[in-house]
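Use the sequences and the hints to build the structure in full.
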Amino acid sequence: MSRKYLLLILFCGILLAVPSIVRDTFYLRIVTEAFMWIGLAISWDVLAGYTGYLNFGHGIFFGVGAYTTSILMNLCGWSFFMTLPVSALVAAVVAVIAGIPTLRLKGAYFAIATWALARAIQQMVLVASFTGGPDGMRLPPFLHPGFFYYTMLIVVGGVFALNWFLLEKAPFGLKVKAIREDDQSAMSLGLNPTKIKLQAFLLSAVPAGILGAIYAYWITYIDPASVLGDMVTDQAVVMAVFGGLGTLIGPAIGAVIIFLFKTYFWAYLSDYQVLYLIILGGVIAASVVFLPNGLWGTITSYRQSDKALKHEPVSSRSDDKGDPHV
Amino acid sequence: MELLPQALIDGLLIGGIYITIAIGFSLAYGVMHIIDFAVGEWIMLGAFLGYYLNLWSALDPFILLPAVFLAFFLIGYLIQPLVYRVISGKKGNPVLMGLVFTFGLGLMFRGSALTGFGFYSHSIPSAISQNSFFLEMGGMFITIPYVRLAGLLYALAVTMVLHFVLKKTNFGRAVRALSQHREASGLMGINAKRISSYVYGIYVGISAMTGVIIGSIFTINAQMGGEYSILAFFIVVLAGMGYLPGVPWASFLLGLVQSFFLIYLNPSYTLMAVFGILFTILLISPKGLFGRGV
Amino acid sequence: MSEPFLQVNAVTKTFGGLHAVFQVSFQMNAGEIIGLIGPNGAGKTTLFNVISGFYAPNSGKILFKNLDISGKPPYKLARLGIGRTFQVVKPFAGLTVLENVVIASFVKYPQRRKAEKHAWQILEMTGLVDRANVQASSLTLAGRKRLEVSKALALEPTLLLLDEVVAGLNPTEADRTIELILSLRSQGITILIVEHIMRVIMNISDRVVVLNFGQKIAEGSPRDVAKNPEVIQAYLGEAPQ
Numbered sequence: 014m015s016r017k018y019l020l021l022i023l024f025c026g027i028l029l030a031v032p033s034i035v036r037d038t039f040y041l042r043i044v045t046e047a048f049m050w051i052g053l054a055i056s057w058d059v060l061a062g063y064t065g066y067l068n069f070g071h072g073i074f075f076g077v078g079a080y081t082t083s084i085l086m087n088l089c090g091w092s093f094f095m096t097l098p099v100s101a102l103v104a105a106v107v108a109v110i111a112g113i114p115t116l117r118l119k120g121a122y123f124a125i126a127t128w129a130l131a132r133a134i135q136q137m138v139l140v141a142s143f144t145g146g147p148d149g150m151r152l153p154p155f156l157h158p159g160f161f162y163y164t165m166l167i168v169v170g171g172v173f174a175l176n177w178f179l180l181e182k183a184p185f186g187l188k189v190k191a192i193r194e195d196d197q198s199a200m201s202l203g204l205n206p207t208k209i210k211l212q213a214f215l216l217s218a219v220p221a222g223i224l225g226a227i228y229a230y231w232i233t234y235i236d237p238a239s240v241l242g243d244m245v246t247d248q249a250v251v252m253a254v255f256g257g258l259g260t261l262i263g264p265a266i267g268a269v270i271i272f273l274f275k276t277y278f279w280a281y282l283s284d285y286q287v288l289y290l291i292i293l294g295g296v297i298a299a300s301v302v303f304l305p306n307g308l309w310g311t312i313t314s315y316r317q318s319d320k321a322l323k324h325e326p327v328s329s330r331s332d333d334k335g336d337p338h339v
Numbered sequence: 029m030e031l032l033p034q035a036l037i038d039g040l041l042i043g044g045i046y047i048t049i050a051i052g053f054s055l056a057y058g059v060m061h062i063i064d065f066a067v068g069e070w071i072m073l074g075a076f077l078g079y080y081l082n083l084w085s086a087l088d089p090f091i092l093l094p095a096v097f098l099a100f101f102l103i104g105y106l107i108q109p110l111v112y113r114v115i116s117g118k119k120g121n122p123v124l125m126g127l128v129f130t131f132g133l134g135l136m137f138r139g140s141a142l143t144g145f146g147f148y149s150h151s152i153p154s155a156i157s158q159n160s161f162f163l164e165m166g167g168m169f170i171t172i173p174y175v176r177l178a179g180l181l182y183a184l185a186v187t188m189v190l191h192f193v194l195k196k197t198n199f200g201r202a203v204r205a206l207s208q209h210r211e212a213s214g215l216m217g218i219n220a221k222r223i224s225s226y227v228y229g230i231y232v233g234i235s236a237m238t239g240v241i242i243g244s245i246f247t248i249n250a251q252m253g254g255e256y257s258i259l260a261f262f263i264v265v266l267a268g269m270g271y272l273p274g275v276p277w278a279s280f281l282l283g284l285v286q287s288f289f290l291i292y293l294n295p296s297y298t299l300m301a302v303f304g305i306l307f308t309i310l311l312i313s314p315k316g317l318f319g320r321g322v
Numbered sequence: 002m003s004e005p006f007l008q009v010n011a012v013t014k015t016f017g018g019l020h021a022v023f024q025v026s027f028q029m030n031a032g033e034i035i036g037l038i039g040p041n042g043a044g045k046t047t048l049f050n051v052i053s054g055f056y057a058p059n060s061g062k063i064l065f066k067n068l069d070i071s072g073k074p075p076y077k078l079a080r081l082g083i084g085r086t087f088q089v090v091k092p093f094a095g096l097t098v099l100e101n102v103v104i105a106s107f108v109k110y111p112q113r114r115k116a117e118k119h120a121w122q123i124l125e126m127t128g129l130v131d132r133a134n135v136q137a138s139s140l141t142l143a144g145r146k147r148l149e150v151s152k153a154l155a156l157e158p159t160l161l162l163l164d165e166v167v168a169g170l171n172p173t174e175a176d177r178t179i180e181l182i183l184s185l186r187s188q189g190i191t192i193l194i195v196e197h198i199m200r201v202i203m204n205i206s207d208r209v210v211v212l213n214f215g216q217k218i219a220e221g222s223p224r225d226v227a228k229n230p231e232v233i234q235a236y237l238g239e240a241p242q
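Chain order of the listed sequences is A, B and C. Take any residue in the first sequence, count from 1 to its spot, add 13: that is its number in my numbering. Take any residue in the second sequence, count from 1 to its spot, add 28: that is its number in my numbering. Take any residue in the third sequence, count from 1 to its spot, add 1: that is its number in my numbering.
No lab work stands behind these hints, which were simulated from the structure alone. Model, not experiment: these values are computed from the prediction. Among the hints, a few may not be true.
[As the list claims (entries may be wrong)] A short, non-exhaustive set of chain A residues, derived as facing chain B with CB atoms under 10 Å:
#1 Cys-89
#2 Gly-90
#3 Leu-130
#4 Leu-288
#5 Tyr-289
Here a beta-carbon is modelled for each residue, glycine too, at the ideal position from N, C-alpha and C.
Below, the structure is given as structure tokens:
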């Protein structure tokens, strides 16, 4: 046990020391962005993997956070840190508005509605004037790679720790899983599914909003295509599914692998950027068929079967999920 | 006021096309319980097949429809076992996996199309593309392009044929039995897998044909899929998911909303209006306008 | 006399014009076991779903300890102390047996550690201790039915609705479950039980309510009800003229 803690402390130490070791801004930037994708993949998985609701508009929250910070800094002259809570709040409000009608319904409705909402919000930002429309917004440049490295590290580390505590340690995690497994039964045991799903949605949306806010300040230029386009959602989905839904480690691993691959790919094949879409689509479709538990889920299930503690095969689940009202 | 008849006619003409965007999709949902996130991409791929066939053969797009349908029926028929395997899997949550799988297919299709067909917009010219006829009613003028009228006729024809097949043939009875009682119809000896394959093939085929029609009326490009997916989603939610008789009404309503925004308001707000209606329906009557969705 | 524990007053539930339950009334006193019987499709499960809050009645009222609970959502009723099982068992398949019960324990024990301790006690009582750490999906049917009861019990209910918890079990398992039900009564839990197996109902119920085509056709002690010609007719179909 203590060895585990030692490793954890060592790991944190290395993370803190990265900016002094990695002098090259290019590489520091890559590590920083990798953190961001870890945060996005995990926050997507909070809803998808733990609750069973696929949000095909996760980028909404990232984009809304980015725009809120940009608008407050540009038009109101706020300082960056003052804008963060507002970005989080705006993301939360959007999540509540989108979640209340849809989280009562089956997952298919939620998937459709979030996807449509993403398009509607992108169009809204394109049309509005205070967002700069299709031209986007420019932020006061603040060129300090170390600052963004640490900000991203703290936020993503905090998100990881918070999710780990809430979903793996606290009662909340079990409640969320109960609703994912069978919401009728959960209701008969005193759980209010809509409320818990909404809480999970907030836990998913707010970090994405904060990450978007940091991203905007870091990159200093945002437009609807870059922060509200499909790419943010698409990548987060692929990272989480490929890594393994319903875990925290899985999406993190998926994020690092996919992001590093993309970075490499971009650098060497920048003329064929659309190939990346084919690869993303191929990876996710193949994961569903060949690795339904994702990379991490497959590894852990091998480890478990090595321990040979399992006796029975997993029986069919579909026969338990008959007509809910029978 | 002068534009009102035109707005109505435009809405109905375009609404007709929307029926064929959503009806196969709704049928596939009713039978297989799958939301196909690639629905718009099938439309896009069909449109490009029509475009290239037209370039190569110089045949009118309307004549090419059967060929496009056959080609995509076959593709859908062949892909379906894979989809079936995903959604009837024992691991994970099959319904979610179906969503994710078709989402992945959609990304692959879009990426491939962008790579292969580029970013440019094209149209598929028909012999009747240039002509319109004009009506004058009490001092108000209405323009009806032939090609749009042909599109509406195509949509009505597809709907009628589908209606006939579902109501009158043995295959149709089997499909309806399957969509109503999945387990029971398995017991009655209906080969669920094979019927699902046919249904998926029909859905993909209709979507692809509609792509060609869209190409002869509007323009097509490799990124058009998302826009049409949204429209298909909107219609099936409005109609009630899997409830086919609701599809035409929802489609015409969408067509009217769109033409009114185009003529009276700013078309940039159409998507927001569409989402607003979608959102309201989900809030008030999640089973659709008729309360008959599944 | 004290007020009745549960009052079902003229409850009606219709689906698309058909009466699944029509004008059904009965009362339960604290500590009673009441058997709810009737042929297939008589409306027993629908009535269960109305009492446990899964359906709102179209008309009529349900009073639990004099509190009108008709139409309240199931989770609120669970917190009030109404536990139920499902005829088609609904384990949280991907979670362990212990976790399944812990989730239900949260209502009374919001802290994870205390909930877990409570869940162990419940599993002790229902005889699932040795299966506590296996996945719920790997239980046998008998195990799943026990888990179903365990989850309902973890709410520490005062009213327990049991929907066919014996059907489908072999005689030994059935006897163990009956024993469990009787021991719950001796702890003061009021029980409404739906069961197809007459032997069970007749042995353990204090009173029996009989439904047919959604309406109550008889109520009384098991012995009286078994002699009631209308009940016999309902079970045997058309009686000779």
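So, going through the hints one by one against the coordinates:
The interface hint given for Cys-89 of chain A is violated, since its Cβ lies 25 Å from the closest Cβ of chain B, which is over the 10 Å cut-off. Of the supplied interface hints, the one on Gly-90 of chain A is violated, with its beta-carbon coming no nearer than about 30 Å to a beta-carbon of chain B, more than 10 Å. With a least beta-carbon distance of about 6 Å to chain B, the hint placing Leu-130 of chain A at the interface is held under the 10 Å criterion. The restraint placing Leu-288 of chain A at the interface with chain B holds, with a minimum CB-CB distance near 6 Å, inside the 10 Å limit.
Hint status for Tyr-289 of chain A: holds, given a least beta-carbon distance of 7 Å to chain B, under 10 Å.
Figure legend: structure checked against the earlier numbered hints; hints not met, in rising order: 1 and 2.
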